[in-house]
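If you want the building blocks of each chain, they are given just below.
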Amino acid sequence: MSELESVLRRAMADDTAGLAIAPDLVDRVVRRSVRRRRTRLRLLAVVAAVLVVAGAVPAYVALVPRHQVTAGETLAEIDGVEVGYLPEGFGGPPERIRVKAGPLAGEALRWKGDGGFVQVGVYRTGRSLEDALDLLALNLGPVASEPVKRTGPVVFTATDEMWVPEPGLALRVTTSASLESELGRIAEGLRVVRNRDVGGMRVTYVPSGLRAAGKARINLGGIARSWTNGTNDTQGVTVEVVHGREALDLDSLRQVPWPTNEELFDVRRVSVGPAAALQGSVASAGRRVDRGRMLLWVVRPGVGVRIWATTPLAGELRRIAEGVEEVAADAAVTVDGIGVPASLGEPSGGDSAMGREWSGITRFWGGRPGEGPYVAVSVYRGLEVEVDGWFRQISSATPRGASVGDVNGTLLTWKERPRDGAGPLAGRTFLWHPEVGLVLAVTVVAGPDDSARAVDDLADLVRNLRVP
Amino acid sequence: MRPPDGFAEFVAARGRSLLRTAHLTCGPSDDAEDVLQAALERACRNWHRVHKDADPEPYVRRIIVNLAISRARRRALLRIIPTHTPPETPAPAADVELRQVLMDGLRALPPRQRAVVVLRFWEDMTEAQTAKVLGCSVGTVKSQTAKALVRLRRLLGAEVIDDVRA
Numbered sequence: 022m023s024e025l026e027s028v029l030r031r032a033m034a035d036d037t038a039g040l041a042i043a044p045d046l047v048d049r050v051v052r053r054s055v056r057r058r059r060t061r062l063r064l065l066a067v068v069a070a071v072l073v074v075a076g077a078v079p080a081y082v083a084l085v086p087r088h089q090v091t092a093g094e095t096l097a098e099i100d101g102v103e104v105g106y107l108p109e110g111f112g113g114p115p116e117r118i119r120v121k122a123g124p125l126a127g128e129a130l131r132w133k134g135d136g137g138f139v140q141v142g143v144y145r146t147g148r149s150l151e152d153a154l155d156l157l158a159l160n161l162g163p164v165a166s167e168p169v170k171r172t173g174p175v176v177f178t179a180t181d182e183m184w185v186p187e188p189g190l191a192l193r194v195t196t197s198a199s200l201e202s203e204l205g206r207i208a209e210g211l212r213v214v215r216n217r218d219v220g221g222m223r224v225t226y227v228p229s230g231l232r233a234a235g236k237a238r239i240n241l242g243g244i245a246r247s248w249t250n251g252t253n254d255t256q257g258v259t260v261e262v263v264h265g266r267e268a269l270d271l272d273s274l275r276q277v278p279w280p281t282n283e284e285l286f287d288v289r290r291v292s293v294g295p296a297a298a299l300q301g302s303v304a305s306a307g308r309r310v311d312r313g314r315m316l317l318w319v320v321r322p323g324v325g326v327r328i329w330a331t332t333p334l335a336g337e338l339r340r341i342a343e344g345v346e347e348v349a350a351d352a353a354v355t356v357d358g359i360g361v362p363a364s365l366g367e368p369s370g371g372d373s374a375m376g377r378e379w380s381g382i383t384r385f386w387g388g389r390p391g392e393g394p395y396v397a398v399s400v401y402r403g404l405e406v407e408v409d410g411w412f413r414q415i416s417s418a419t420p421r422g423a424s425v426g427d428v429n430g431t432l433l434t435w436k437e438r439p440r441d442g443a444g445p446l447a448g449r450t451f452l453w454h455p456e457v458g459l460v461l462a463v464t465v466v467a468g469p470d471d472s473a474r475a476v477d478d479l480a481d482l483v484r485n486l487r488v489p
Numbered sequence: 006m007r008p009p010d011g012f013a014e015f016v017a018a019r020g021r022s023l024l025r026t027a028h029l030t031c032g033p034s035d036d037a038e039d040v041l042q043a044a045l046e047r048a049c050r051n052w053h054r055v056h057k058d059a060d061p062e063p064y065v066r067r068i069i070v071n072l073a074i075s076r077a078r079r080r081a082l083l084r085i086i087p088t089h090t091p092p093e094t095p096a097p098a099a100d101v102e103l104r105q106v107l108m109d110g111l112r113a114l115p116p117r118q119r120a121v122v123v124l125r126f127w128e129d130m131t132e133a134q135t136a137k138v139l140g141c142s143v144g145t146v147k148s149q150t151a152k153a154l155v156r157l158r159r160l161l162g163a164e165v166i167d168d169v170r171a
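From first to last, the protein sequence lines stand for chains A and B. Taking this note's numbering, I'd label the letters of the first sequence as residues 22 to 489. Taking this note's numbering, I'd label the letters of the second sequence as residues 6 to 171.
Any given hint could turn out to be false.
[To be verified] In the DMTMM-like style, the derived pairs of lysine to aspartate or glutamate whose C-alpha atoms are separated by at most 20 Å in a straight line are:
hint : chain 1 : residue 1 : chain 2 : residue 2
1    : B       : LYS137    : A       : ASP152
2    : A       : LYS121    : A       : ASP181
3    : B       : LYS152    : A       : ASP471
4    : B       : LYS147    : B       : GLU128
5    : B       : LYS152    : A       : ASP477
6    : B       : LYS137    : A       : GLU167
7    : B       : LYS152    : A       : ASP427
8    : A       : LYS236    : A       : GLU24
9    : B       : LYS147    : A       : GLU26
10   : B       : LYS147    : A       : ASP427
11   : B       : LYS147    : A       : GLU167
12   : A       : LYS236    : A       : ASP100
13   : B       : LYS152    : A       : GLU456
14   : A       : LYS436    : A       : ASP477
15   : A       : LYS133    : A       : ASP181
16   : A       : LYS133    : A       : GLU109
17   : A       : LYS170    : A       : ASP181
18   : A       : LYS170    : B       : GLU132
19   : B       : LYS152    : A       : GLU24
20   : A       : LYS133    : A       : GLU103
Just so you know, the hints here were simulated from the structure itself, not pulled from any lab data. As the structure is a prediction and not an experimental result, all values here were calculated from the model.
Input sequences plus hints: build the corresponding full structure.
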């Protein structure tokens, strides 16, 4: 044993020697346990009653039996979660119901068959639920098996388990006793997808019959996402978000190039909420081929949206547009929709920047550049941030590849001297690329004495930023 | 509202030891009693199960350590930003007792590293036992322990270590 370890043991023993438990600890524990249990039982009774009522008036149509399904195929989707596996005979249209689990509210799909039922519940919880420990703390029921990992399942019974695949989202799979052996495969077949977010915007309305065609991708003018009516793609909608100087105003947005040589005809001025917008027909040069309809508007200077729909969906354009909203993490403080830890408090200042095909927003805490130590969180979006070395447009600091807070990215380091003439400060900015068209940057500038703490702060912040 | 059979006896016998673990793993916060109470509540609710086949103490300790890490992470305190009010306790002076310096160093560790140090050197757990409590690999325990000790040495400074050896 090293000298340090030995001294540490003695210090820990000394430090805790005077501690004693409160005389009424057992009473307090028992009282609170009983109170929580009663509350839980009352809530469970309410949930059971709701389920009975929902089951008494089924909203689903006749079930269509189907054969064993291959995992990987998407059989159904609920609130951004895809169901990839269902037992044989459970492939028909599900019933969609509202569900509760203690204080959590969500939606569920419920399949019924001759052999029993399968229910998949999705609970969007916000910051109140971050991992399995939070789930356990809700005391939703007698727990048969506790999770080992933060994302591991809380097993209530052999036919009912719940887990937190990512902060803010809980999933629950419940089956009839006859399908006990299938629960694991159903749970493993669930996939969390974000097929309605694109370039920092969320598409809350998509016409019925359309399904997401792949993930958000780089388009000619911005970051885009498409929905089509299936394999023949005769109908479809593409929502494209344009960042940077190209989206400074409606005129500049109209100049953003098209995938081929289409042009906008019959343009008329409309509105999307309070924003002025343009709507027109898209056709090849000379109007020889009809390419559908487009609606475009500027959400704020530097961020524009273009919605391009096939002609049969022209009547849905306005409704789709009205349903496009800026994405924001469920957090007290956000930077361009990215949630920052509540402990940071209110920012002390902010800044924004824009370039060709990129825009960025920065918030500062503790001070500002040139005013001593500070922390900053920056969010950069657009096509250009996909280009290697893009960060040279925002910083001339020395870059190197690094892993910070278990995330791989680029670390920039530099020295800066505050305006008051105090000693030089060490600056560290870590940039990473969590999804297409998005780069996050955390900056910590600290004095030489705080170097170790600055490294910890940088890692903590990287780890705790929330991309919705 | 009677406690389940054996629960009060367990708290009487092991409560202080568990509180010491909570105090050490909670770091700079005053959460130790809350964390202990929360862990005991969970044990109380599941007492018939945790008490039936095995010693409940490892179960309660595991909850304490994980709750302490979870709470500390949630705070995500930013240590470099100067606060507008001075800290309640003055910074350790040169002649402060070594114990205080060491404990300040321990509390300054990231929550998971602090938990590893407490489990390894206070609870005398093996690396495998520590890994099981924290739900991680033995390799992670080894690396976290090494990092924690390096950081403690660095935080304490060569001068203090020299004093220890003297």
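Going through the hints against the structure:
1. LYS137/B x ASP152/A: Given that 20 Å is the threshold and the Cα spacing comes to 18 Å, the pair holds.
2. LYS121/A x ASP181/A: holds (14 Å)
3. LYS152/B x ASP471/A: holds (18 Å)
4. LYS147/B x GLU128/B: Judged against 20 Å, a Cα distance of about 16 Å means the pair holds.
5. LYS152/B x ASP477/A: holds (13 Å)
6. LYS137/B x GLU167/A: holds (13 Å)
7. LYS152/B x ASP427/A: It holds: about 15 Å lies between the C-alpha atoms, which stays within 20 Å.
8. LYS236/A x GLU24/A: Distance ~56 Å between LYS236/A and GLU24/A Cα, so the pair is violated.
9. LYS147/B x GLU26/A: Between LYS147/B and GLU26/A the Cα gap is close to 14 Å, so the pair holds against 20 Å.
10. LYS147/B x ASP427/A: Holds. LYS147/B to ASP427/A sits at ~17 Å (cutoff 20 Å).
11. LYS147/B x GLU167/A: violated (25 Å)
12. LYS236/A x ASP100/A: holds (16 Å)
13. LYS152/B x GLU456/A: violated (31 Å)
14. LYS436/A x ASP477/A: Given that 20 Å is the threshold and the Cα spacing comes to 18 Å, the pair holds.
15. LYS133/A x ASP181/A: holds (16 Å)
16. LYS133/A x GLU109/A: holds (12 Å)
17. LYS170/A x ASP181/A: The hint holds at about 18 Å.
18. LYS170/A x GLU132/B: Since the Cα atoms of LYS170/A and GLU132/B sit roughly 18 Å apart, the hinted pair holds (cutoff 20 Å).
19. LYS152/B x GLU24/A: With Cα atoms ~16 Å apart, LYS152/B and GLU24/A stay inside 20 Å; holds.
20. LYS133/A x GLU103/A: holds (18 Å)
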